[in-house]
Amino acid sequence: MDFQAILKTVGILSLVSAALSVIISIAEGVLNNYGIVELDINNGKKKLQVKGGSSLLSTLASEKIFIPSACGGKATCGLCKVSVQEGAGPLLMTEEPYITPEERKQNMRLSCQIKVKTNMKLLIPEALFNIREFICELVEIEDMTYDIKRLRMKLPEGQTIDFKAGQFMQFYTKPYGKVKEEVFRAYSISSKATEKDHLELLIRLVPNGICTTYVHTVLKVGDKVRLSGPYGDFYLRGDCEELIMIAGGSGLAPIRSLVYDVIEKGLPHKMRFFFGANTLRDLYYVDEFEQIEKDYPQFKFIPCLARPEPSDNWQGVTGFVTVALQDQVDTGEGKEAYLCGSPGMLDACIKILKEKGFTDETIFYDKF
Amino acid sequence: MKQNPKDIPVVESLRAGILTRDGFMGEDTRPFTQIIMDDAALLASAGTTPEEVADKMTELTKAGLTATGTPVDYQGFTVTVEEYMGKLGCPFRDHRAPKRNTEVVRKDGRQMAWTDLTIHLIKQHGFFQGKGSPYRLEPDRLAAFLFDK
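Top line first, the protein sequences correspond to chains A and B. Using the working numbering, the first residue of the first sequence is number 1, and each one after it goes up by one. Using the working numbering, the first residue of the second sequence is number 1001, and each one after it goes up by one.
Isolated chain A (complex conformation):
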């Protein structure tokens, strides 16, 4: 075959490829074009005309309806459940692990997994309509320990947030390094609920964590930070005489907010805060909680070190927080427990609390 014939063949093949690409693009456009569909929310209370083709979670977010999610829409947290009465199609394999038989009866679905293709009828708790998005400015970033940072963010001028102490926000990262798309994760608010123009979060560095690496290595003062919230049902019930608060690591965040909430509202509850850490270098906010203890006799701060170094010269409780709990809490009668920490710590503490008479109705913690 001569050179001209080769060129001709290549040319023909290129034209065929280009034509096929155009046909595929057109077909994709036609097949994936679901047009404008209607979302009927809460039996006609709200009707939205939206463009089909995206997940229900992101479609609702684009309409400023924020459904809680801790995994960023990857079907791994199971938080973004919404009751879909019509238009969702059959349950997907990716949803199955997260939807209980009872929830199936209520047509609960993972909003991150189902695509908006036709008109849908949804039931969404009214409380979720209060969730808003904020583009904040990071005004302070402080090392609380070697692996926990405190972020202080200022809300946009003129905007405020109403949240219940103990609730959480979703924090959105920008693409960085190998992370090519926006990711969001859930973090409890550590600041006072009365401070409505700022938010504070405590974020511990998790090895290989997407969001925590972003916070610890990329984020700097002056950066704009996208948040949505507030979310969650971890907040004060207070139908008791004493609050037993238990935290480890960055789990201190919602407890700090709760403690200030009780104090600022002038509530009569006694409070005991058990804070577990390994060594002295893992403790933080100690001076602040000791000062609260002096100012408010109803509050008792009990830091516990599992393995203090000799150089720590530790005079406080030595041992795991579970040991202190076992020794110092006699009964669950007249008490509620508020916990935030790692799953292992939560499980161990809940076991002890239940042995002492606490029940599922008097133990509160976030499940994300």
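Be careful, since some hints might not be right.
[What the hints assert, rightly or not] Sample of chain A residues facing chain B (criterion: CB under 7 Å; computed from the structure):
{"id": "1", "residue": "Val37"}
{"id": "2", "residue": "Ile41"}
{"id": "3", "residue": "Lys178"}
{"id": "4", "residue": "Pro343"}
Think of the hints as simulated: they come from the structure by calculation, not from any bench. Just so you know, even glycine gets a beta-carbon here, dropped at the ideal spot from N, CA and C.
Please build the complex by placing chain B on the supplied structure of chain A, with the hints as guidance.
Showing chain B alone in chain A's frame:
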């Protein structure tokens, strides 16, 4: 190897920056199904199974959990478990594992580390992760480490 359409969400979740910063594939260019097959052969040649390996790893992690954050001596191993808040989803979308790292040192100085998700991936999916992934465990080395071969 042609990709099965049902594997597409898994392939997506294995990428860096989706579930974890570095993902699960490292620099490995093989399809994950091929990695699973290759590692199954390696593990079989070491005379054990993913279930046996994962069960031993779970046993060691449980030993470390008796004193989280503190080194625990257990049957010739020193185990340290560190826990973090929250859970991490499995890229195969069938499980949420606590964010928990286990570091294990043998008396002879050999050491290995894994997460709870690593154990699940091995036990349920036979997936030891791609070469270059931060939590990739070489199946034959892991078997030798766990069973002192």
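(request) List in ascending order the numbers of the hints, as given earlier, that are violated by the structure. (result) 1, 2
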